[in-house]
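K.L.:
What follows is each chain in one-letter form.
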Amino acid sequence: MNAPQAPQTLNKPAKKLSLKENYALLTRGLGWEPTYQDKDDIYPKVKFEGIKIHDWDKWEDPFRLTMDAYWKYQGEKERKLYAIIDAFQQNNGQHNVSDARYLQALKVFLNGVVGLEYSAHRGFNMIGREFPGVGAAIAAQMQAVDELRHAQTQIHALSHYNKYFTGMAEFPHQFDRTWYLSIPKSFFEDAISAGPFEYIIAICFSFEYVLTNLVFMPWMSGAAYNGDMSTVSFGFSAQSDEARHMTLGIEVIKFLLEQDPANVPIVQGWIDKWFWRGYRLLTLIAAMMDYMLPKRVMAWNEAWDIYFEQNGGALFADLARYGIRMPKHWEQTVKEKEHASHQLWCTFYQFRHAAGFPVWLPTAEEMDWFSVKYPTTFDTYYRPRYEYWRELEEKGTPFVNATLPQLCQTCQWPLLFTEADDPTTICHREETYLGDKFHFCSDGCHDIFRHEPEKFVHAHLPVHQIYQGNYFNPGVDPTAPDFNPLVEALKYMGINPGVDGGDFQGHIDAVNWERWTNKPANMHAPMQTQPPAHTDDRKTA
Amino acid sequence: MSVTAIRPGYHGDMKDTVDKFHANQILGISWDKHLMYATPMCIPVPPQMPFGALVEQVLPTLFGQHPQFAQIDWSKAEWLRSDEPFTPAFDKSLADNGIGHKAYIRFRTPGLEGLSGASI
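If you read the protein sequences in the order shown, they are chains C and V.
First residue of the first sequence? That's 1 in my numbering, and the numbers climb one at a time after it.
First residue of the second sequence? That's 1 in my numbering, and the numbers climb one at a time after it.
Chain C on its own, in the form it takes in the complex (with noise of 0.2 angstroms):
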């Protein structure tokens, strides 16, 4: 240990230390080597993943934040934060937003993000327990408070919302339990049950360094284009703390890579599935981002070029001089950046009726920006199923997909993408492991189960466990003549069928909005319904 000491004076105050002093006491001299215990035992989970550490004092935290400086910068943000909430709560903000369509992006939000800050504030407390080096355990620490602030203030900051629309009172059930909640749900346990070292570079790199400015930079700027100044509030609060965690991210990867060349090819496994966990994890992202922002900031296209192709290519030509390559199958999606939000919604809109929100058809000026903004693929592939759904809801005899969907055995969402060659057909891989079959969206969640097969035979898929009949509530009687599983399933998911989702057009959602703000609920449409007479009491009293 090379840690400098505190000044030691008898009769001086002693001297304020430096932030460098003090972190350094903070991060190495803390630690101290055991003697009657073997470290293996303190730190049982370090050394199985392969991956060889030599000199835990090489960490460096680029931030170096100590607690004292930890704990003003963020109780000063956490003032500012509460003060706007406030204000935004005693205007009534929750009716400034663009239209009642922008309420059901946040419901996604809340119920399928908040729980993953959550389960983000556990794992780095784990891992923060799991690593021998003081500096890293600190980090581990610090990010963990940050992750549970998060999943707090963003509960905080859209709890206002509750008292008004439905759909958000059940989040930390939904998040168990909705079918297609199940993905961010299976990626954050999947992170979680890998090895520390496994952790760190699933959360902090991949997702953090690579992947988070596609959920933070568009979904918060969408958040103020569409005068949701909470969530905008929320989303500056965090993202100080997100380019911390960014600089940790890369800090992780350099560090790992340094300490032995036998990292390198783990870590380059590692960064090949979790870049594709966490970019199939982000066409609930592009979906949002393209269908259910009102105002919209920019297409996903634009967003994944921007945030991946350009900045992760630069970030990956940078760590080309350790061995490491970009990440495998990125070049798919690059192919899948132009459909994959149009496959996600066509999926809910089939599946509207078992969603946690109402969906709709995108109006025609809506149809006009996608096909600006997608001019290769919307009019080809997307328009014309849009225009057919249109047809069959004027018909009266709307298009309804009645069926469980197939589902991914790694990713979890139902096989909804296409081959990157061919976007009229579905992808389909398949793999026979101990005599069952395994089904797969792409190579790369394949990929992933191949590696690891012991691991994915135990995912818990919602359709399979509906049809293996364990999604129905406690005291619902399965052999009773009117038991309807599905919509048993609907209300173990914490959905309320015929509330929840269904159609926006006529939702209660868009009902009271109308009522409330005498502005139409979708914004491009005209009102859904007929404005109250106005009478004005005083005239006639």
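Fair warning: there could be bad hints in the mix.
These stretches of chain C come out as covered by chain V in the derived footprint (C-beta under 8 angstroms, 3 or more residues) [unchecked claim]:
1. 42-56
2. 278-286
3. 444-454
4. 459-469
In short, the hints are calculated from the structure, not lab data.
Cβ coordinates follow ideal geometry from the N, Cα and C atoms, glycine included.
Once you have looked at the hints, place chain V on chain C.
P.N.:
Positioned in the frame of chain C, the structure of chain V alone reads:
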């Protein structure tokens, strides 16, 4: 390759083995070039069900709303099992047609390739 785990010999439970499905087996099924159905379906079926019954009784409940479904000439339909072409015997059971638990089949209907030339 195999998983790197804390304990040697780690293996997760096989979560979806056939014994858990109450005498049914799970079947994945999709109709090529008909992306009105954005994803393949997953349904429970008894393994003794004749293939013909799957076509005549089950498929209409899955795909019947598509205007081309009623026009299908099943004698000309092309079938794939695990993405490989195969010729089903309509009078034999799914099991006898080699369609086991968690099988995945697709069918193609030449001449009926979705609406508007857009594979809807």
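K.L.:
Just to make sure I understand the rule, a stretch counts as covered if three or more of its residues have a C-beta closer than 8 angstroms to a C-beta of the chain. Does the region 42-56 of chain C meet that for chain V?
P.N.:
Since three or more residues must qualify, the claim that chain V covers the region 42-56 of chain C holds, with 5 doing so at under 8 angstroms.
K.L.:
Do three or more residues of the region 459-469 of chain C come closer than 8 angstroms to chain V, measuring C-beta to C-beta?
P.N.:
With 8 residues closer than 8 angstroms to chain V, the region 459-469 of chain C meets the three-residue bar; holds.
K.L.:
Is the coverage entry for the region 444-454 of chain C by chain V consistent with the three-residue Cβ rule at 8 angstroms?
P.N.:
With 5 residues closer than 8 angstroms to chain V, the region 444-454 of chain C meets the three-residue bar; holds.
K.L.:
Is the listed coverage of the region 278-286 of chain C by chain V valid when you require three or more residues with a beta carbon under 8 angstroms from a beta carbon of that chain?
P.N.:
violated (count 0)
Hint 2 from the list above is the single one not met by this structure.
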